[in-house]
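Undergrad: Here are the chains, one letter per residue:
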Amino acid sequence: MYWNQEMECMPPEQRRKLQLERLQKLVRRVYENVPHYQRVFRKAGIRPDDVQSLDDLANLPFTTKDDLRRTYPFGLFATPLKNTVRVHASSGTTGKPTVVGYTRQDVDTWSEVMARTLSCAGVKQDDIIQIAYGYGLFTGGLGVHYGAEKIGCTVVPVSVGNTKRQIMLMQDFGTTVLACTPSYALHLAEVLEDLNIDRSRIRLRVGVFGAEPWTRQLGREIENKLNIVAIDIFGLSEIIGPGVASECLYNTGLHIFDDHFLPEIIDPQTGKQLPPGQEGELVITTLTKEAFPLIRYRTRDITALHEESCPCGRTHVRMSKIMGRTDDMLIIRGVNVFPSQVESVLLEIGHAEPHYLLVVDRRGPLDQLEVWVEVSEKVFADEVRRLETLEKTIQREIEGTLGISVKVKLVEPKTIERSQGKAKRVIDKRDLHNLHNKTK
Amino acid sequence: MWVKQISIFLENKSGRLAAVTRLLADHGFNIRALSIADTSDFGILRLIVNDPARAYQVLKDAGFTVSETEVLAVEMPDRPGGLAGVLDLLNEAGINIEYLYAFVSKSAENALVLLKVENLEKAAGVLTANGVTIQGHNIVHQI
Numbered sequence: 001m002y003w004n005q006e007m008e009c010m011p012p013e014q015r016r017k018l019q020l021e022r023l024q025k026l027v028r029r030v031y032e033n034v035p036h037y038q039r040v041f042r043k044a045g046i047r048p049d050d051v052q053s054l055d056d057l058a059n060l061p062f063t064t065k066d067d068l069r070r071t072y073p074f075g076l077f078a079t080p081l082k083n084t085v086r087v088h089a090s091s092g093t094t095g096k097p098t099v100v101g102y103t104r105q106d107v108d109t110w111s112e113v114m115a116r117t118l119s120c121a122g123v124k125q126d127d128i129i130q131i132a133y134g135y136g137l138f139t140g141g142l143g144v145h146y147g148a149e150k151i152g153c154t155v156v157p158v159s160v161g162n163t164k165r166q167i168m169l170m171q172d173f174g175t176t177v178l179a180c181t182p183s184y185a186l187h188l189a190e191v192l193e194d195l196n197i198d199r200s201r202i203r204l205r206v207g208v209f210g211a212e213p214w215t216r217q218l219g220r221e222i223e224n225k226l227n228i229v230a231i232d233i234f235g236l237s238e239i240i241g242p243g244v245a246s247e248c249l250y251n252t253g254l255h256i257f258d259d260h261f262l263p264e265i266i267d268p269q270t271g272k273q274l275p276p277g278q279e280g281e282l283v284i285t286t287l288t289k290e291a292f293p294l295i296r297y298r299t300r301d302i303t304a305l306h307e308e309s310c311p312c313g314r315t316h317v318r319m320s321k322i323m324g325r326t327d328d329m330l331i332i333r334g335v336n337v338f339p340s341q342v343e344s345v346l347l348e349i350g351h352a353e354p355h356y357l358l359v360v361d362r363r364g365p366l367d368q369l370e371v372w373v374e375v376s377e378k379v380f381a382d383e384v385r386r387l388e389t390l391e392k393t394i395q396r397e398i399e400g401t402l403g404i405s406v407k408v409k410l411v412e413p414k415t416i417e418r419s420q421g422k423a424k425r426v427i428d429k430r431d432l433h434n435l436h437n438k439t440k
Numbered sequence: 441m442w443v444k445q446i447s448i449f450l451e452n453k454s455g456r457l458a459a460v461t462r463l464l465a466d467h468g469f470n471i472r473a474l475s476i477a478d479t480s481d482f483g484i485l486r487l488i489v490n491d492p493a494r495a496y497q498v499l500k501d502a503g504f505t506v507s508e509t510e511v512l513a514v515e516m517p518d519r520p521g522g523l524a525g526v527l528d529l530l531n532e533a534g535i536n537i538e539y540l541y542a543f544v545s546k547s548a549e550n551a552l553v554l555l556k557v558e559n560l561e562k563a564a565g566v567l568t569a570n571g572v573t574i575q576g577h578n579i580v581h582q583i
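Just so you know, the protein sequences line up as chains A and B, in that order. Using the working numbering, the letters of the first sequence map in sequence onto residues 1 to 440. Using the working numbering, the letters of the second sequence map in sequence onto residues 441 to 583.
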């Protein structure tokens with residue numbers, strides 16, 4: 001089911017023409033209106049007219065999160081504030097937030113790409129959608145809201161939290177679509193179980209889950225518990241919010257709405273473009289945004305692009321589910337390791353909500369990886385032999401996935417620190433040694 | 441008919457055993473028998489207490505990983521060869537013992553041993569057919 005068949009199913013050759021046209025206009029626009037871009041383009045010896053083909057994109061300088069921080073709050077806006085009808089901001093874990101702005105046209109574009117996203121999930125006008133993403137400065141709530149209204153769904157803007165009331169509304173209103181983060185969906189499912197609510201009183205059919213990366217295994221867990229289809233939606237506030245890319249019902253990866261958002265994959269270390277199929281850092285150029293356009297924004301998300309066609313008929317380039325963040329990536333004995341890989345293994349083995357910690361240390365010349373896993377009641381056995389078998393199974397599976405040797409240690413529940421629902425996944429003691437050496 | 445046992449997962453570090461026993465003491469539980477199986481990293485503490493269902497809940501609420509299992513309480517003569525006789529019977533019947541530990545009994549003539557086997561039913565059948573007495577959970581109320 002398409003929202004905008006012409007754009008979603010456009011022949012790739014034709015789309016490339018459109019992308020080039022839009023890219024050339026964008027480059028001129030930011031060069032003329034944003035001092036930051038004029039400065040970095042000049043420094044790189046690039047004039048707007050130098051962009052003659054899509055390949056020339058690779059010559060343009062990157063934009064990073066630091067550039068956004070440096071220009072706080074409105075330094076990267078390309079239109080006067082009087083034309084800006086909305087701002088959003090992402091919570092900065094350190095210091096100032098990142099501020100983004102929208103013109104009236106940008107809000108329309110956002111509604112359009114969110115309507116496409118929801119249509120990818122099979123959402124229609126007669127659906128009742130409960131939006132349990134946070135509303136406010138965060139883009140999640142309002143982003144999904146505008147897309148759902150554009151389709152004409154009945155929107156329940158309940159925002160996040162108050163789970164029992166969410167469940168009451170879900171039953172009383174006959175909600176068919178749930179929009180929230182995957183971790184909140186899992187929490188909702190568990191509360192539903194605890195309250196012993198008859199599943200036949202819930203009409204949920206599909207969930208659109210985003211704002212944090214999730215594995216297929218976690219998706220299956222949510223699908224089984226809620227008896228729904230789980231759709232991964234991707235976006236980030238810097239680019240527009242939710243609505244950058246979405247899975248369709250065929251589960252072939254996420255379709256990037258690349259008539260608006262032009263993706264590339266680069267090697268995070270060298271900055272060189274990588275060919276389709278290869279994993280690296282996702283970089284996005286916003287082709288149509290007016291108030292807050294970005295040239296080659298480094299998202300720090302790790303994924304790969306795919307150009308093969310999808311049975312759904314959309315011709316957009318697709319990205320794999322996010323595999324991790326460049327800032328989460330550990331390099332252990334030269335191998336790239338993401339906490340999410342360990343999480344998938346634990347979910348395969350049967351931990352519903354795996355609580356784990358990667359402890360990296362250096363003994364002599366070699367890095368050592370220890371994986372601590374909390375023993376849940378689900379996997380606890382009364383016999384040492386069986387727990388040792390579990391330990392060995394986890395070790396074998398993780399070694400198979402990561403390709404390096406690990407030591408697995410079973411620990412008691414709540415051993416691993418939780419901060420605001422988000423667990424700390426890595427302790428890298430190698431940093432401490434480095435620090436120690438530096439101070440000496 | 442079987443004796444209910446509480447098993448608790450413990451990390452092999454100082455103070456964990458004290459934490460469990462202190463918690464049980466504060467809630468008025470009397471530990472009637474216990475055993476610990478351990479490796480270099482972790483251990484499993486197995487307990488027989490007077491009210492296993494409530495003990496399970498108390499431990500779980502305190503955040504421990506707990507399970508409730510059933511074991512066989514076998515009575516045997518308190519003299520040399522008492523245990524060997526019982527084990528011979530099980531061995532002949534091809535029944536593997538996962539673990540066992542002793543229960544302090546008040547009786548002077550008989551000793552009580554708690555046995556974990558895969559098939560409690562079968563083991564109990566073999567033993568009673570050979571005149572061995574199997575005790576139920578009421579043993580925790582002795583003394």
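Everything labelled a hint here was simulated from the structure, so no lab data went into it. It is possible that some hints are incorrect.
Listed next, the in silico DSS-like pairs over lysine-lysine satisfying Cα-Cα at most 30 Å (straight line) [what the hints assert, rightly or not]:
1) B:444 <-> A:407
2) B:444 <-> A:424
3) B:562 <-> A:272
4) B:562 <-> A:43
5) A:414 <-> B:546
6) B:546 <-> B:444
7) A:409 <-> A:321
8) B:562 <-> A:414
9) A:378 <-> B:444
10) B:453 <-> A:409
11) A:65 <-> A:164
12) B:444 <-> A:409
13) A:409 <-> B:562
14) B:546 <-> A:407
15) A:164 <-> B:500
16) A:225 <-> A:424
17) A:392 <-> A:407
18) A:225 <-> B:500
19) A:424 <-> B:500
20) B:546 <-> A:392
21) A:429 <-> B:444
22) B:453 <-> A:392
23) B:546 <-> A:378
24) A:124 <-> A:82
25) A:43 <-> B:444
26) A:164 <-> A:378
Every beta carbon over 10 Å from chain A, so not counted as near; a handful from chain B, in silico [said to hold, decoys possible]:
27) 441
28) 442
29) 469
30) 576
Ideal Cβ placement from N, Cα and C applies to all residues, glycine included.
Undergrad: Evaluate each hint against the coordinates.
TA: Checked hints:
1. B:444 <-> A:407: Measuring from Cα to Cα gives roughly 34 Å; hence the hint is violated.
2. B:444 <-> A:424: violated (38 Å)
3. B:562 <-> A:272: Distance ~68 Å between residue 562 of chain B and residue 272 of chain A Cα, so the pair is violated.
4. B:562 <-> A:43: At roughly 84 Å apart (the allowed maximum being 30 Å), residue 43 of chain A and residue 562 of chain B break the hint.
5. A:414 <-> B:546: Status violated; Cα separation ~40 Å.
6. B:546 <-> B:444: Satisfied, since the Cα-Cα distance of roughly 20 Å is no more than 30 Å.
7. A:409 <-> A:321: holds (29 Å)
8. B:562 <-> A:414: violated (39 Å)
9. A:378 <-> B:444: With a Cα-Cα distance of about 19 Å, the restraint between residue 378 of chain A and residue 444 of chain B holds, given a limit of 30 Å.
10. B:453 <-> A:409: holds (13 Å)
11. A:65 <-> A:164: violated (37 Å)
12. B:444 <-> A:409: The given pair, whose Cα atoms are some 29 Å apart, holds under the 30 Å limit.
13. A:409 <-> B:562: violated (36 Å)
14. B:546 <-> A:407: violated (46 Å)
15. A:164 <-> B:500: holds (24 Å)
16. A:225 <-> A:424: Satisfied, since the Cα-Cα distance of roughly 26 Å is no more than 30 Å.
17. A:392 <-> A:407: holds (9 Å)
18. A:225 <-> B:500: With Cα atoms ~23 Å apart, residue 225 of chain A and residue 500 of chain B stay inside 30 Å; holds.
19. A:424 <-> B:500: holds (24 Å)
20. B:546 <-> A:392: violated (43 Å)
21. A:429 <-> B:444: Cα-Cα ~44 Å, so violated.
22. B:453 <-> A:392: Given pair residue 453 of chain B, residue 392 of chain A holds - Cα atoms ~21 Å apart, limit 30 Å.
23. B:546 <-> A:378: violated (37 Å)
24. A:124 <-> A:82: The given pair, whose Cα atoms are some 35 Å apart, is violated under the 30 Å limit.
25. A:43 <-> B:444: Roughly 77 Å between the alpha carbons, so the hint for residue 43 of chain A and residue 444 of chain B is violated.
26. A:164 <-> A:378: holds (25 Å)
27. 441: Non-interface label stands for residue 441 of chain B: nearest chain A Cβ at 19 Å, farther than 10 Å.
28. 442: Nearest chain A Cβ is 14 Å from residue 442 of chain B, so the label holds.
29. 469: holds (19 Å)
30. 576: Fine: 20 Å to the nearest Cβ keeps residue 576 of chain B off the interface.
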